[in-house]
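Chains A and B, in that order, are what the protein sequence lines are.
Per our numbering, the first sequence starts with residue 1, numbered consecutively.
Per our numbering, the second sequence starts with residue 1, numbered consecutively.
Don't take each hint at face value.
Remember, identical chains collapse to one label, so a pair may be satisfied in a single copy or spanning two.
Once the Cα atoms are required to be at most 35 Å apart in a straight line, the calculated DSBU-like pairs of lysine-lysine come out as [unchecked claim]: (1) Lys274 - Lys5; (2) Lys13 - Lys274; (3) Lys399 - Lys215; (4) Lys5 - Lys175; (5) Lys215 - Lys13; (6) Lys215 - Lys274; (7) Lys314 - Lys399; (8) Lys13 - Lys434; (9) Lys434 - Lys175; (10) Lys434 - Lys385.
Don't read these hints as lab results, they were simulated from the structure.
There are 2 protein chains.
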Amino acid sequence: MNAYKELEAHYQKIDDLRHIGAITGWDESAMMPAGGGAARSRAMATLNVLVHDLTVDPQISDWLMACENLELSPMQTANVAVIQREHRQAACLTSDFVRAQTEAVMASEQQWRISRAENDWATIQPHLERVVGLAREEAAMRADAGGLGLYDAMLELYEPGVTASQLDTLFEPLKTSLPPLTDAIIAHQANTPCLPLGDHFEVAAQRELGLSVMKTLGFDFNHGRLDTSHHPFCGGVAEDVRLTTRYSETDFLQSLFGVIHETGHAMYEQGRPKDWLTQPVSQALSMGTHESQSLLMEMQAGRSPAFMTFIAPKMRAAFGRAEDDPAWSVDNLYRQVTTVRRDFIRVDADEVTYPLHVILRYELEKALIDGSLTVADLPEAWHQKMTDYFGLSTAGNYKNGVMQDVHWPAGLIGYFPTYTLGALMAAQLFEAAKTSQPETLQQIETGDFTGLLSWLRQHVHNRGSAVSVDQLMTDATGLPLTTDAFLTHLHRRYLD
Amino acid sequence: MNAYKELEAHYQKIDDLRHIGAITGWDESAMMPAGGGAARSRAMATLNVLVHDLTVDPQISDWLMACENLELSPMQTANVAVIQREHRQAACLTSDFVRAQTEAVMASEQQWRISRAENDWATIQPHLERVVGLAREEAAMRADAGGLGLYDAMLELYEPGVTASQLDTLFEPLKTSLPPLTDAIIAHQANTPCLPLGDHFEVAAQRELGLSVMKTLGFDFNHGRLDTSHHPFCGGVAEDVRLTTRYSETDFLQSLFGVIHETGHAMYEQGRPKDWLTQPVSQALSMGTHESQSLLMEMQAGRSPAFMTFIAPKMRAAFGRAEDDPAWSVDNLYRQVTTVRRDFIRVDADEVTYPLHVILRYELEKALIDGSLTVADLPEAWHQKMTDYFGLSTAGNYKNGVMQDVHWPAGLIGYFPTYTLGALMAAQLFEAAKTSQPETLQQIETGDFTGLLSWLRQHVHNRGSAVSVDQLMTDATGLPLTTDAFLTHLHRRYLD
Chain A
1 MNAYKELEAH YQKIDDLRHI GAITGWDESA MMPAGGGAAR SRAMATLNVL VHDLTVDPQI
61 SDWLMACENL ELSPMQTANV AVIQREHRQA ACLTSDFVRA QTEAVMASEQ QWRISRAEND
121 WATIQPHLER VVGLAREEAA MRADAGGLGL YDAMLELYEP GVTASQLDTL FEPLKTSLPP
181 LTDAIIAHQA NTPCLPLGDH FEVAAQRELG LSVMKTLGFD FNHGRLDTSH HPFCGGVAED
241 VRLTTRYSET DFLQSLFGVI HETGHAMYEQ GRPKDWLTQP VSQALSMGTH ESQSLLMEMQ
301 AGRSPAFMTF IAPKMRAAFG RAEDDPAWSV DNLYRQVTTV RRDFIRVDAD EVTYPLHVIL
361 RYELEKALID GSLTVADLPE AWHQKMTDYF GLSTAGNYKN GVMQDVHWPA GLIGYFPTYT
421 LGALMAAQLF EAAKTSQPET LQQIETGDFT GLLSWLRQHV HNRGSAVSVD QLMTDATGLP
481 LTTDAFLTHL HRRYLD
Chain B
1 MNAYKELEAH YQKIDDLRHI GAITGWDESA MMPAGGGAAR SRAMATLNVL VHDLTVDPQI
61 SDWLMACENL ELSPMQTANV AVIQREHRQA ACLTSDFVRA QTEAVMASEQ QWRISRAEND
121 WATIQPHLER VVGLAREEAA MRADAGGLGL YDAMLELYEP GVTASQLDTL FEPLKTSLPP
181 LTDAIIAHQA NTPCLPLGDH FEVAAQRELG LSVMKTLGFD FNHGRLDTSH HPFCGGVAED
241 VRLTTRYSET DFLQSLFGVI HETGHAMYEQ GRPKDWLTQP VSQALSMGTH ESQSLLMEMQ
301 AGRSPAFMTF IAPKMRAAFG RAEDDPAWSV DNLYRQVTTV RRDFIRVDAD EVTYPLHVIL
361 RYELEKALID GSLTVADLPE AWHQKMTDYF GLSTAGNYKN GVMQDVHWPA GLIGYFPTYT
421 LGALMAAQLF EAAKTSQPET LQQIETGDFT GLLSWLRQHV HNRGSAVSVD QLMTDATGLP
481 LTTDAFLTHL HRRYLD
């Protein structure tokens, strides 16, 4: 076996254990009874340490060096590059650190589920202090090993090649233009208020509707499933994608568009390059790219008038509403799914105000990492920014304030910005898809996503991690990523 | 750290990975879509090889030797003994063999689900040939390492200390006495035929009834859950026990008593010695002991007139039946759950004919292992024995014949006899519990299982693997295991 083949075999083994970890992680969120948590945390930590130890195996450096003298295909070369980055990223952490972090994060996530439900900041604060403390240590080690800034070193885990200074440049026009745009849209929408849809929607019917929309979008149920969890996510592995949602009996749109969102993620996973599934090069290019796929489905395609025309009759059928009920007309349902409001919860936010939720978190987590903000001061800092950006107080309202997201309790710092990168990418990609295939919206109106999906397969999914985000965007849309398509989309959808 | 502490730390790590494997295994049976099977098999094989490599780590021998000079507590001494046996059992297999076997077994199990549904022997035969071939290799290696006979070496995995010749001695009186006993009971029951219960029972109502009975028996839902699978089982880990059942819309008793059975297993797992959960000494003593706990709940307690008195009103409520409906009286329901018939399916068999199902499999698998029977000849051999022992032909009826059980496709050879050992133990243990706590049946009649459970906790569950089966039975019942209590129970329940 030559060095490249050795590397592939080694990463197949790593991929096997990541498979096991992904399924057990899904189980922890979607299936596990609370009493199983302590033993599970320990078990997951042991698995993570094993995976970590395999990723930092000193043989990898030797194989990587030997690969320089081999003639490799472009995909093999790209695979080596991803392995090189992953190896460098892992090698700066000790096994003991990985174990301590996994255990801290799992205990903290488990506590978060309880504390959030009880709006109890005091019980989550010590967990968060421990997790943020470990994240600071991690950032210092990563920054040192990668020659990066503290925050950049964390960001690189989710969005390789992007720095905080690039984010500042991209986010600045959003931070400036979105507040007045939000005002204008809210004033505009006040002219045609939504009719209410009712306040009780059977969970079983919601689930059936969600499953049928997943099928419409092209989800392959032979390689995945839908369940429920506290915090919706797309987990599992490419061969077995695990989506979750959560149901509110008073609002079916929340879960439905959540399912569409997660299905966008799932289509990316199910579309990864088939011959490379065990290798790092087949992985999603970045979390921003991943989010572009979920937001393209949820925001660009899913909330389009075309899709609402298709789905409205199915919504009426699911909940036994009459065809001539004005609240259940395409127009009113479209207004329902494009209503803009300043509100507390990021995951329920409309696409106009969403970036401000992200920028708020981005600013706070940068301060957490550089030490200028303590966890103890976090609720107050959150409340201040919510007041500044949204005019909303979260004083004492931890549940809908600083405790609403699982990310920080889960140790994910540097992740939030990828949501807005994804929104920008989604707008630019969807625009390019429609330009290249002008029949896209007519197809969506009939529930036919095959054209759109094959464009995404070709320009995004099948490329894996074999290109940079810049290259992917330029190949697919003719331009690197900017805020133009996104802002144009908002103006066109909400003010024209 | 002294050698004993090293050993404990090492086995804690092994236990962590077994935890991960147990949850992923449960997922494979209860949750995984079929398309995830190939990748899952590979992933599970990698995990199994890792666990195997840890179990055969050469340091273990050194630590075990060093332990001989340490002063250990009785539980520590017992823990060392179990580790010694496990290490010896694992050390005779290579990693390559473990990988090949795991992959073969998982492919075969996955094919079995399809083939059985289609009554298609041809598609499972090659898988079974591969799995049985590997089992023969395994038996040869184990026999060699343990100084045991081929079949005894496989049996030792599930029932340490028991040999085929001991089984022959225990099974002989059953093989002789059960056929005439069955005839007598069937004739006796013909005098009072059962009234039919109806032929449609909502799955949701069945599930609710099952959950409520689990609660009655003492199942801790903070440490476990109930789901569905093709073949019901009790999996997961002590801290998070995963029960499964399957529902038939035409027969709710099948699932209900299946749930009671699996809950018996679960109570054993949830009752393992708390301070020793990460160590082998806390494991179930043997599969026969495990089965004694499920059968004690299902057959001894569950099908008693006392429990039927308690559960009959709940059954009527679950399915909306009137209190004075004669089919739903305690007497008729009791007759329903104690009806004896010669039938095809082992898992649905009554307790009188069940041992003959086991003996049939025991005889066939011994012949498979010693090479006197080929997989190709298995359907015919099955048909012959079914004709001899039950007067039933399974010619062409693979689904309800040789393909009905997952055990052989799953590579489990030497497992079946433990079902009947369990039945014998259950009868003897229940008799002892009632003698020691004469109020047991009155308590069960009110749905109070706490007395029985605490007796089982003390005499079985909390002992873990710290004693031999003989010792456990003698301590709990005053006698080693015999067939007496079981045969007495059958005569008393079915002919008096």
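Hint by hint, here is what the structure shows:
1. In this assembly of identical chains, Lys274 and Lys5 lie within 35 Å of each other by CA distance solely inside one copy; the values are 18 Å within and 46 Å between copies.
2. For the identical chains of this complex, Lys13 and Lys274 are neighbours both inside a copy (17 Å) and across copies (34 Å), given an alpha-carbon limit of 35 Å.
3. When the C-alpha separation of Lys399 and Lys215 is checked against a cutoff of 35 Å, the pair qualifies both within a copy, at 34 Å, and between copies, at 32 Å.
4. Taking the shortest alpha-carbon separations for Lys5 and Lys175, neither the intra-copy value of 48 Å nor the inter-copy value of 58 Å comes in at or below 35 Å.
5. Taking the closest pair of Cα atoms, Lys215 and Lys13 come within 35 Å of each other only inside a single copy of the chain (32 Å); across copies the shortest separation is 42 Å, beyond that limit.
6. Taking the shortest Cα distances, Lys215 and Lys274 sit within 35 Å of each other inside one copy (21 Å), while across copies they are farther apart (46 Å).
7. In this homomeric assembly, Lys314 and Lys399 come within 35 Å of each other (Cα to Cα) only inside a single copy, at 34 Å, whereas the closest approach across copies is 40 Å.
8. Taking the shortest alpha-carbon separations for Lys13 and Lys434, neither the intra-copy value of 41 Å nor the inter-copy value of 53 Å comes in at or below 35 Å.
9. Within a single copy, Lys434 and Lys175 get their C-alpha atoms as close as 28 Å, which meets the 35 Å cut-off; across copies the closest is 75 Å, which misses it.
10. Proximity of Lys434 and Lys385 under a CA criterion of 35 Å is satisfied in neither setting, with 37 Å inside one chain copy and 68 Å between copies.
When each numbered hint is compared with the structure, violations occur for hints 4, 8 and 10.
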